[in-house]
Amino acid sequence: MFDLVLASLVHLIEPRILMLMLLGVTVGLIFGALPGLSATMAIALLLPVTFAMQPDTGIAMLIATYIGGVSGGLVAATLLRIPGTPSSIATTFDGYPLARQGQAIKALATGMVASAVGSLLGMAVLVAFAPIIARFAIDFGAAEYTALTVAALVLVVVLSEADLTKGLIAAVLGLGLSTIGFAPIGSAQRFTFGNIDLLSGIGIVPFMVGLFAVAQLIREITEPTFQIKDKLDLRGKGVRLAEFLGNGFNMIRSSAIGVGIGVLPGIGGSAANLVAYGAARSASRKPEEFGKGSVEGIYAAESSNNASVGGALLPLLTLGIPGDGVTAILIGGFTIHGIQPGPLLYKSEPGLIATIYAAFLLATFTLLLVQLLTIRMFPRVLLIPRHFLVPGLALLMVVGVYVGEYRTFDLWVMLGFGVFGYLLERFGFPLGPLVLGFVLGTIFETNFRRALMYSNGDWTTFLTRPVSGALLGVAFLLLCFSLWRILAKRRQTRSPA
Amino acid sequence: MTTDRIIGVICMGLGLAMLVGALQIQQNFPGTGDPGPQLVPLILSGLLVLLGLSLALRRPAGKGLSAETRDAVEAATEAQSSQVGTLAPPSLPRRIGIGVAFLAFLALFTPLGFSLSATLFLAASMSLMDRLTPRRVLTRTAVALVVVVVLGLIMTHLLDLAVPGVWFA
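Listed in order, the protein sequences are those of chains A and B. Numbering (our numbering) for the first sequence: 1 to 497. Numbering (our numbering) for the second sequence: 498 to 666.
Be careful, since some hints might not be right.
[Stated by the list, open to error] Have a look at the derived ranges for each label pair, beta carbon to beta carbon:
hint: 1; chain 1: A; residue 1: G194; chain 2: B; residue 2: R632; range: 47 to 55 Å
hint: 2; chain 1: A; residue 1: G194; chain 2: B; residue 2: I651; range: 32 to 40 Å
hint: 3; chain 1: B; residue 1: G662; chain 2: A; residue 2: M19; range: 21 to 29 Å
It is worth saying that the hints were derived from the structure and are not from the lab. Where is the CB? At the ideal position from N, CA and C, for every residue including glycine.
Use the sequences and the hints to build the structure in full.
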């Protein structure tokens, strides 16, 4: 594998590919830095652009965008106390106070270095554990995959901390949307209403761009947004080596938390940075400095959210199960490039796995270099006026969706899902389960029907096979636990104080 | 809460419509044990009806986020720095104008081609996002032209994309 990774690295540093990865990192950074925009949006917009590329080039560019998107959030979190992405919430606690003490550059540089270390540690875990999981999962049959998709969906609903009923409705709606078009087995048409464009189902790109990007643009023009009143304070010096080395264990612990949470579907970096920050404060010799500009806090928050990328890629690559919006789009990208993520990928396409690892590594260093070289310049993206940003993004969305399949129909689908996504969020429905339901729907149905075919229609096959039974048991227990929590909360609010 | 009830009823309606649609799916010789293409949509329609019913009938619940997460998010989002102010959204007529411009852009993207439709859309929407003055309209049209030309060149020369109507392709 080492030789393959090395060969992939050599291939990826070809000027054209490197330039595309640089473009991916930059777009990811900009989308991550600007509050309201996200890595999910960046990848959704760039995904169609990669269709014309070789699979390895396209996937390298998408991974670069992903890593850039997760890291970009620290800029607004540090300079404005606005988390650019949810995964940078904990960075605001110490990044901003440090910046206000005239140490903005130190706060930013600390975050950048911690992000790079977190990415590398996350990748190390991915490289170490992915083959083991893949080897275990290679024996999974249709029943196991059915149970796995059910468990993943339930986990997303439960862990997303949203209203349970609304989360389940969102998941069912997502599954329902995935049934449009030809059935995955046989050639039955479903819910196409005679429309030829619906025969192949709803495209992942218009669906995701609509839900995440168009919905955000609707919010941008209908709701108040932030505006920077003064000049950005960009004073101070960079990272001190002693501080970096002194935070070695802090970063390892935070990265372990990041990977652990990143593996779980539906929460990812947003929870990882808060949990890692809390753990760092509990373990610190100077907990009183947390919240007042402690570098330990920045190291913890930023290393954990980047490490969650490695964690999120683990179930995607080994099981073919995405855990969040970003990995859901990535799985769409993989499929479009003719790659089926899952345990077999490790056997059949080791070169591609090596390319993913190499792209991860290269993107991490490219990102760090770009961030450090533009540390006094890049934060100015926050000053882009909204009257340029919003129309510019709308333009990118339309072009991005159109070049996916070169169909005008997809533009209207994108608009429809934009309005739908905006309304769903407005009424408290989480988008995570909807997206996961949509992406996992075909995997679920294919395996569900295959499992029943293999067992001659015996439904107990899902319970009698140990892994499948265990996964369904976990899903059931999680649902029961959530219901119990709701009932307990109700009882608490009803009893007098 | 009334909103939840309405949404619950909508979900039930959607579930019933899905049920009717699922019953009309043609089963083409399913194999032994294969439940056919109807079953999953039927299960989902049933679930949607049940969940819609539960949303419509239930009593109000607390906020979804846990107390710790809520506090953290609030602390991060509400206690913004003094450098940051709030920018009001465009007025309603402007919003409608931007919406119309976007719809027109989608409709005219293929007939007019990328460069012309995008320039018109960008110039119109950038101008509508702010107070209109002749100078602003002029500068924003110039910005739109530059953006469209640069994006067109990137698409055709760097990314090898075949978008219709790109200037200087």
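*State the violated hints by number, sorted upward, taking the hints as numbered earlier in the document.*
none
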